[in-house]
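Engineer: The primary structure of each chain is shown beneath.
Protein chains: 2
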Amino acid sequence: MTNLTLALDAMGGDHGPQVTVPAALQALRLHPKLSLLLVGDETQISPYLSSAEIDVRSRITLVHTTEVVRMDDKPATALRHAKNSSMRLAIEQVRDGMADGCVSAGNTGALMAMAKVLLKMLPGVDRPALVSCLPAINGKPVYLLDLGANIQCDYDTLFQFAVMGSVLSEAVDKIARPKVALLNVGIEECKGNGDVQQAAQLLLHTPQLNYAGFIEGDEIYSGKVDVIVCDGFVGNITLKTSEGIARLLVHQLKQGLAKGFVVRILARLLAPRIQKVLNQMNPDHYNGASLLGLRAVVVKSHGNADEHAYIQAISLAYTEAKRRLPEMIKDRLESILLDINS
Amino acid sequence: MTNLTLALDAMGGDHGPQVTVPAALQALRLHPKLSLLLVGDETQISPYLSSAEIDVRSRITLVHTTEVVRMDDKPATALRHAKNSSMRLAIEQVRDGMADGCVSAGNTGALMAMAKVLLKMLPGVDRPALVSCLPAINGKPVYLLDLGANIQCDYDTLFQFAVMGSVLSEAVDKIARPKVALLNVGIEECKGNGDVQQAAQLLLHTPQLNYAGFIEGDEIYSGKVDVIVCDGFVGNITLKTSEGIARLLVHQLKQGLAKGFVVRILARLLAPRIQKVLNQMNPDHYNGASLLGLRAVVVKSHGNADEHAYIQAISLAYTEAKRRLPEMIKDRLESILLDINS
Chain A
1 MTNLTLALDA MGGDHGPQVT VPAALQALRL HPKLSLLLVG DETQISPYLS
51 SAEIDVRSRI TLVHTTEVVR MDDKPATALR HAKNSSMRLA IEQVRDGMAD
101 GCVSAGNTGA LMAMAKVLLK MLPGVDRPAL VSCLPAINGK PVYLLDLGAN
151 IQCDYDTLFQ FAVMGSVLSE AVDKIARPKV ALLNVGIEEC KGNGDVQQAA
201 QLLLHTPQLN YAGFIEGDEI YSGKVDVIVC DGFVGNITLK TSEGIARLLV
251 HQLKQGLAKG FVVRILARLL APRIQKVLNQ MNPDHYNGAS LLGLRAVVVK
301 SHGNADEHAY IQAISLAYTE AKRRLPEMIK DRLESILLDI NS
Chain D
1 MTNLTLALDA MGGDHGPQVT VPAALQALRL HPKLSLLLVG DETQISPYLS
51 SAEIDVRSRI TLVHTTEVVR MDDKPATALR HAKNSSMRLA IEQVRDGMAD
101 GCVSAGNTGA LMAMAKVLLK MLPGVDRPAL VSCLPAINGK PVYLLDLGAN
151 IQCDYDTLFQ FAVMGSVLSE AVDKIARPKV ALLNVGIEEC KGNGDVQQAA
201 QLLLHTPQLN YAGFIEGDEI YSGKVDVIVC DGFVGNITLK TSEGIARLLV
251 HQLKQGLAKG FVVRILARLL APRIQKVLNQ MNPDHYNGAS LLGLRAVVVK
301 SHGNADEHAY IQAISLAYTE AKRRLPEMIK DRLESILLDI NS
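Protein chains in written order, with full-length UniProt numbering: chain A, 1 to 342; chain D, 1 to 342.
Since the hints were made in silico from the structure, they are not lab data.
Misleading hints may appear alongside valid ones.
Pairs count within a copy or across copies, as identical chains cannot be separated in the list.
[Unchecked claim] In the DSS-like style, the derived pairs of lysine-lysine whose C-alpha atoms are separated by at most 30 Å in a straight line are:
id: 1; residue 1: K83; residue 2: K179
id: 2; residue 1: K254; residue 2: K33
id: 3; residue 1: K322; residue 2: K174
id: 4; residue 1: K259; residue 2: K83
id: 5; residue 1: K330; residue 2: K224
Everything numeric in this text was worked out from a predicted model, so none of it was measured.
Using the sequences and the accompanying hints, generate a full structural model.
Structural biologist: Shown next, in the form of structure tokens:
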């Protein structure tokens, strides 16, 4: 296995180096062939490096800058003005061949805009799609895209998402022919809007993909399919609704188990097991949204990710870079487009 | 308080009279001023009436028919051919002034089509909207519309939804100035698509409504607002996703509490309390989706509603008819449109 280098925007996210640097050290321990470029303020990063073993420390290079993209910066503003920001420099490391991919917990819009301009899109893809892995029943991974990068999508964009999601599932989870479905309000052919219906027609005529038809919201977490495609408006609301209802259930459960002496005692005894279940549902365990369709690997971590969650995001970028995900997507798209045009 | 009569499609739903008739009896016991027209096959309905007390039985009138709308009938087919169906006759009771509203657990599309043609829309409303009450945190009711009746909605339709949802929340839950929000991918003004943004502008200039801005998916169940408006594509997927994730959590919890002897014993002791919490989240406890914008009250029950759930749907129709919801919506719409045009 070859060595890989990832560039980390060490300043991004709500917590900055306090979380990103310890997570980086841990990721280096997990992946002995990994090297990291930590991009950010040396004076803020260095204190967290002192505890590192020699082997781990030797695989870290600091790229110093004090400028950062703020969470409320408009993408266009960040693109035009934050020329020396940790986010931009991290992406530039990838563009310049110094790194095989990058990870940031910073401003999503700015990250997308910078990545698109600096790294360019793959041929046949218009804009990056944001995709994340959700926990289906029994922990089976399911990919949902787009999660909000593309608010309005025509059928052609939905089709591109299906191709990219399918390659992602193959590359990361080693699934042979991932089942791909379109999110819709019913499973009958006549359901949904024009774009969903036209995307379905395209997918039906694409034997390279394992198209499984329409899927409804209540089946997202059923594990029936591996990849679910929708526009960014629907995807964003779907993902956040899931987080909201999961949080509500946990809250109601805690409240329900806090009343009455005997119930409280029993609940306390059961707490570790209940917590274990709830952890499985915790978005942090599935941290890391990939920006697909770019010529290189870019992973976005939750802004408020903790150390564990940030390690997940680094590991995801590592896997995608190792499997050469962008090249895989490019090849698959080319072969499918050739087929369609022949 | 005046007496009210509702027409029940006794044949609709997965279980038919076996569920609808016992539920009807129970609803009559709950509401002493209520009378019911049971529309359906007399030979199937009568056996369930024998246990009824005289007072309850005296408030039931049978309207006999053997024809039914099937769950897989296309709306247009049902409209054209099912002239003597229990669903259609129930709606006709309302049209002809024999009932103040109707309830059906049958085919949603057929119910909407028939209700629209037979009962007509209120002035200023184009199509019925489907709305349901969801359990927000601590059981606070929140109304989400549209749930799938209108797949594509322009800003004007979203605005109508906001008005109707607001009146519903006032009428049913006695909330003084219900907070109304638009479901979106962010809370900043620039977020979302053109229709959502234009609807927001209209709402900002409608002082008769208590417009609370955009809301994201993870806040639907937070109890922050009383009414949430979106198009039927998003609403349908949002509602079903919520059901899916709730089901997943319950499944994982049951699995997690089934392993290990001590855990199993503890879990069994706690089961009644856990079940109580899960029941709160059970959609059956919030059964009954209202068709808004019609000139009369029409409530759709889940097709697979059990007796308890069906009673909820009847009670909802009863409350809406008692509060004269269609007239309230008509008056509010007129006053708002007058204001906008003046």
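Engineer: The structure should be examined with respect to each hint, and the outcome stated for every one.
Structural biologist: We went through each hint and held it up to the structure:
no.	hint	result
1	K83 with K179	neither (41 Å within a copy, 43 Å between copies)
2	K254 with K33	neither (43 Å within a copy, 40 Å between copies)
3	K322 with K174	within (13 Å within a copy, 59 Å between copies)
4	K259 with K83	neither (56 Å within a copy, 55 Å between copies)
5	K330 with K224	within (27 Å within a copy, 45 Å between copies)
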